[in-house]
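> Single-letter residue listing:
Number of protein chains: 2
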Amino acid sequence: MRGFVLIAACAALLPAHADEGMWTFDNFPAAAVKRAFGADITPAWLDHVRLSTARLTNCTAAFVSSSGLILTNHHCIESCLAELSSKEVSLLQLGFNAPARSDEKRCPAQHADVLVGTENITDAVLKSDSGLNEAQANIARKQLLTSLEGACQQASVRAKSGKLECQAVKLYQGGQYFLYKYKRYSDLRLVFAPEADIAAFGGDPDNFQFPRWSLDFSILRAYEGNKPARTTSYLQLDFSGPRVAQLVFVAGNPGTTARLQTRAQLEFQRDVSLPIALLRSSELRGRFIQFGKINAGNERIILAPLNSLQNGIKVWRKELDALHDRAFLDRTIDAEEQLRRAAQLDSPDPWDEIAEASQRERALYLPHLFLESGAGFSSALFRNARLLVRGADERLKPDQERLREFIDSALPWLQRDLLARVPVYPEIEQLTLSFSFERMREWLGPDHPMVRRLMNSETPDELATRLVAETKLDDAALRKQLWEGGKTAVDASHDPMIELARSVDGDARAIRRQYEDEVEAPTLAATQRTAAARFKVYGTNTYPDATFTPRLNYGTVQGWVENGAMLDPVTHLDRAFERATGSSPFKIPASWMKVKTRLDLSTPFCISTNNDIVGGNSGSPLIDVAGKIVGLMFDGNIHSIAGRYWFDPKDNRAIALHPAIIREALDKVYGARQLLAELDGK
Amino acid sequence: MRGFVLIAACAALLPAHADEGMWTFDNFPAAAVKRAFGADITPAWLDHVRLSTARLTNCTAAFVSSSGLILTNHHCIESCLAELSSKEVSLLQLGFNAPARSDEKRCPAQHADVLVGTENITDAVLKSDSGLNEAQANIARKQLLTSLEGACQQASVRAKSGKLECQAVKLYQGGQYFLYKYKRYSDLRLVFAPEADIAAFGGDPDNFQFPRWSLDFSILRAYEGNKPARTTSYLQLDFSGPRVAQLVFVAGNPGTTARLQTRAQLEFQRDVSLPIALLRSSELRGRFIQFGKINAGNERIILAPLNSLQNGIKVWRKELDALHDRAFLDRTIDAEEQLRRAAQLDSPDPWDEIAEASQRERALYLPHLFLESGAGFSSALFRNARLLVRGADERLKPDQERLREFIDSALPWLQRDLLARVPVYPEIEQLTLSFSFERMREWLGPDHPMVRRLMNSETPDELATRLVAETKLDDAALRKQLWEGGKTAVDASHDPMIELARSVDGDARAIRRQYEDEVEAPTLAATQRTAAARFKVYGTNTYPDATFTPRLNYGTVQGWVENGAMLDPVTHLDRAFERATGSSPFKIPASWMKVKTRLDLSTPFCISTNNDIVGGNSGSPLIDVAGKIVGLMFDGNIHSIAGRYWFDPKDNRAIALHPAIIREALDKVYGARQLLAELDGK
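These protein sequence lines map, in sequence, to chains G and S. Counting from 19, one number per residue, gives the positions in the first sequence under the working numbering. Counting from 19, one number per residue, gives the positions in the second sequence under the working numbering.
None of these hints come from the bench; they were simulated from the model. Zero decoy hints are in this set.
The list cannot tell twin chains apart, which means a pair is met if one copy fits it or any two copies do.
Mimicking SDA-like on lysine to any residue, the simulated pairs with C-alpha atoms at most 20 Å apart in a straight line are: (1) K498 <-> E412; (2) K336 <-> E456; (3) K336 <-> R288; (4) K311 <-> P444; (5) K332 <-> R288.
The model shown is predicted, which means the values in this text are computed figures rather than measured ones.
Construct the entire structure; sequences and hints are all you get.
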């Protein structure tokens with residue numbers, strides 16, 4: 019009950035509603051911030067924050083020292099921890115604390131990208147499709163983006179600044195195109211991670227909940243030339259954290275939002291894609307859980323995939339709830355109608371065209387999902403087999419004619435992931451493949467040609483078991499040999515997983531092509547028209563849907579009203595101990611119990627703010643006007659999940675770890691004094 | 019390709035569309051049948067068919083000899099087969115063929131009800147609530163039904179005809195009430211069942227599919243006084259089966275339809291109840307499948323629950339698809355609007371009242387589902403514990419004040435089920451309970467008082483393991499002692515499952531009461547008004563929604579157009595052998611492979627008809643004008659699942675087993691000559 023009165027008093031000082039928006043750094047509404055809070059957000063401030071923030075493969079992170087130290091969430095590096103683990107020893111469960119720099123462990127498949135420049139290529143892209151039909155235009159557009167990315171990357175190699183990763187970004191659903199130029203740190207090493215029991219305290223039940231007590235942080239270090247990277251742009255931690263109602267910023271990479279999608283697109287998600295994703299994931303969750311009960315080794319290796327799956331289930335479940343909110347759908351329909359009337363577009367009506375493409379998508383969805391998008395062959399071994407088979411074919415083509423994931427500029431990273439020596443557990447591969455085959459047969463039907471071909475004499479289980487037992491693709495040396503041997507080597511291979519990938523590739527490519535021509539192409543052509551209409555009618559003082567690229571937003575530290583009561587925006591350590599049951603996921607690890615009496619139980623633990631963030635923002639720094647880190651975003655509340663579709667200032671809240679609990683943990687629980695000194699800038 | 023041309027030619031002879039409707043026997047549209055087909059359906063024909071047809075606990079069946087022989091589906095007696103099995107020996111897998119009558123095995127929990135009389139009690143029921151508010155009226159109505167049922171049953175005991183089961187039935191959503199009087203056969207014994215591999219050939223993938231080759235029949239026998247019952251009303255099998263396009267009837271007990279539900283009620287199912295059911299079932303499916311892989315014993319005991327679960331998943335998935343059909347919802351909205359305008363009802367508008375109750379239902383749904391409806395405690399042992407705890411309390415009350423499932427007339431059957439000696443597998447109990455607790459924590463949240471109480475120191479798994487290990491309720495003698503000992507005995511019990519049932523009973527009863535008062539009562543009050551309006555505007559020449567009570571409908575043998583091609587309505591044995599892969603669920607058992615050369619491969623196997631049936635009709639006889647059985651209904655095609663909401667004559671088809679394949683199997687595969695002779699009336 020500590021803060022209810024305080025908050026109620028403070029609430030009057032806040033703006034009427036939170037400040038929605040995931041702004042690009044080049045279009046940040048500094049004037050609005052000045053008006054509302056009196057704060058000066060200068061171009062230099064913006065540059066510094068952007069250059070101090072990085073995109074991981076799946077998350078956001080911040081540089082927090084001049085020697086490459088990186089702060090992010092624990093759940094952002096779960097796969098790194100799993101890859102550095104075995105069936106016997108799980109760094110996820112045990113945590114990790116490098117005694118010295120020489121003990122820092124390289125993450126096999128992680129990298130950090132810092133956005134160092136952007137280039138507007140909208141005109142070139144929009145011109146590329148003149149005179150072409152929709153399918154041709156879609157292909158021409160991709161070819162142009164491939165060549166622009168390649169040219170940009172080659173130019174960077176010749177320049178002094180060093181090689182950059184150039185990636186085309188579509189903003190405002192095709193209203194704008196940019197080349198984003200990143201400096202990539204590809205040697206990231208694990209410095210510190212707490213035990214999963216405290217990092218994910220509350221587990222799936224508490225995920226997306228607040229009040230909250232999850233110590234969801236970890237520390238990596240970027241290396242260059244086998245030495246700690248010299249990172250001149252970084253953000254200092256301010257361990258005292260923010261005040262309630264204080265102005266705060268989140269810099270990060272929100273993954274995907276669908277706030278500008280049309281009614282037809284939303285209904286497709288509501289009626290087709292989300293229900294199917296939920297059904298598949300729920301069954302897989304059941305299989306994972308039951309698999310994990312067999313012994314402690316199984317439990318260890320299934321932990322990371324299960325966590326990720328359960329997170330997905332919660333997100334999709336609440337997204338589905340959001341789409342069932344009739345008031346929201348009515349608003350979308352109204353907004354569409356208003357824009358349609360205001361824009362007076364020539365026939366054909368682009369919203370109708372999107373609806374038609376959406377109808378076609380319903381017909382193509384299942385074969386595309388199962389044959390091309392991975393649902394029919396869920397397995398790391400198969401994924402590698404497909405990369406080898408397709409890679410062999412694609413690399414023989416000119417760059418512009420390849421599938422986009424195989425273009426020259428993408429190959430080094432694809433190759434690194436393909437050849438990484440990470441553990442592959444045959445029992446999990448067998449489980450997910452058997453599941454994939456069984457559901458392929460259910461959803462495509464037992465008479466689908468692919469189903470007849472694959473399962474004409476073997477059950478899903480038998481087929482999965484044989485493939486996993488007989489393939490040798492878990493051997494990184496073999497993968498290297500096949501990758502480097504190219505088409506000759508791959509064609510000569512009789513590895514059963516390679517043979518499987520080869521035998522389905524024709525059908526998979528065909529459905530992909532049909533999908534791109536009949537769904538993607540007309541949808542993009544029509545959305546470019548609605549995007550242009552939106553610019554025309556409403557101007558450009560808006561923000562684009564999230565695209566997992568750098569964005570900045572502002573807000574304040576605040577709670578919200580739940581069941582009629584105002585929630586305190588700050589939690590404290592004492593309540594974590596009260597909440598503990600002694601069993602996961604409500605178990606406080608021994609390392610903490612041992613030193614409990616020495617801990618300051620009034621240490622702030624988590625904070626809620628009204629910043630507008632979504633998945634991908636995990637690991638984002640919460641920054642004050644001075645540019646100091648005053649929190650580490652790791653989640654949103656349950657209402658924030660609807661943020662994929664709209665931002666509700668009333669109850670959409672972001673959740674951050676308070677820096678004070680990071681200090682308390684590093685200092686008193688983990689004895690990481692050297693690390694603390696580095697974070698203090700000493 | 020055999021029959022496409024034939025069918026196309028015949029199609030012109032058929033009525034423009036199939037004849038929708040699940041008619042009560044007292045309101046069968048004989049005149050319409052006469053007009054369309056020239057057939058005379060007399061009152062005597064109707065009585066004979068009704069008296070020859072029985073309702074099982076979950077299905078329909080027909081008497082097929084004068085010595086109590088009963089024909090139904092294999093899947094209808096799956097639970098009987100499972101109850102007569104063990105972890106080592108599964109009658110489900112092996113089948114059963116009683117060499118002599120003395121070998122026929124009693125099903126522990128099955129019975130067959132024959133409707134021998136009905137009594138219209140509408141006036142009394144509709145008068146019972148005058149002057150009461152909705153919640154009081156709901157209670158008064160139930161009290162009246164309890165006393166009418168009790169009086170009817172007692173009167174039957176005094177009459178010559180023998181004791182009857184009297185059950186109140188609500189038709190037309192409360193527009194009519196009847197007392198249905200059944201003669202109950204409670205000693206049913208297993209005579210014959212084929213192996214699951216052929217009975218459910220095609221398994222879940224082929225479920226609700228056609229063409230089809232599932233030998234889904236079984237034979238029971240009713241006993242009275244430990245002798246085969248003398249059943250004077252029975253239907254003879256005509257092994258030659260029906261002709262294409264022939265007029266056929268289905269007598270049976272369709273379970274539930276929702277064709278008269280309002281938009282608000284349909285949206286509730288679409289947005290809330292179906293998605294939740296699908297999520298829970300999908301995860302449980304995953305747990306069951308993984309559990310079954312551990313060893314052959316697990317596989318045997320999980321087979322029946324898994325089959326039932328998968329059937330539910332397919333049904334709910336397609337029901338959800340049906341509700342996402344916007345044209346259908348638009349029709350519902352239009353129909354509502356038309357009736358609203360035509361009926362000119364006084365305010366408040368009953369459709370609005372149902373919508374409001376539906377909103378309240380959204381808020382109460384999860385606690386009701388988990389605490390009262392079983393989702394939180396899915397386990398046979400818990401179910402028995404709750405029956406003992408509640409039964410002890412309820413039996414102390416006057417009959418009319420009890421929960422309806424504990425009224426005097428229901429107690430003998432409740433007691434029989436409670437005390438039946440059927441196998442309970444602790445490993446499955448542990449699995450389903452652990453799942454229930456874990457999902458209760460997920461859906462009600464870790465801070466729900468019940469969750470805090472149950473799981474404050476144990477994980478879901480630990481709690482489930484302890485309860486199952488320590489309870490003694492698997493002992494039928496203990497259950498008998500507690501049941502007969504009543505409240506004193508139950509109160510004195512420290513069995514942990516009894517303690518659990520006791521500790522949640524207050525909360526569970528409270529949410530049930532709230533649900534009944536705030537959702538059920540106003541919904542029923544409003545639907546009685548819409549039902550009256552419908553009678554007033556459209557008359558009574560309509561059929562009521564299905565209520566698992568005897569109905570009759572008519573139709574013809576016919577295929578339908580799928581993907582532009584007309585499907586032949588008859589399949590044949592040869593294609594079953596072609597379809598077989600050698601592995602379940604496409605495995606033809608050894609008994610058939612052994613005699614394959616002696617079989618007539620042109621034997622008809624399955625038939626599709628346009629009769630309007632749904633779940634509950636399984637095991638229904640397909641009858642010709644002469645009153646002979648020409649097929650055994652066991653399924654519908656994939657489009658038939660939408661039949662819960664509307665009947666589409668274009669492609670909703672029922673699926674029956676052809677009698678010829680029953681003869682071929684009994685004669686050449688199973689050598690059941692005596693049984694065949696009895697079926698032939700010899």
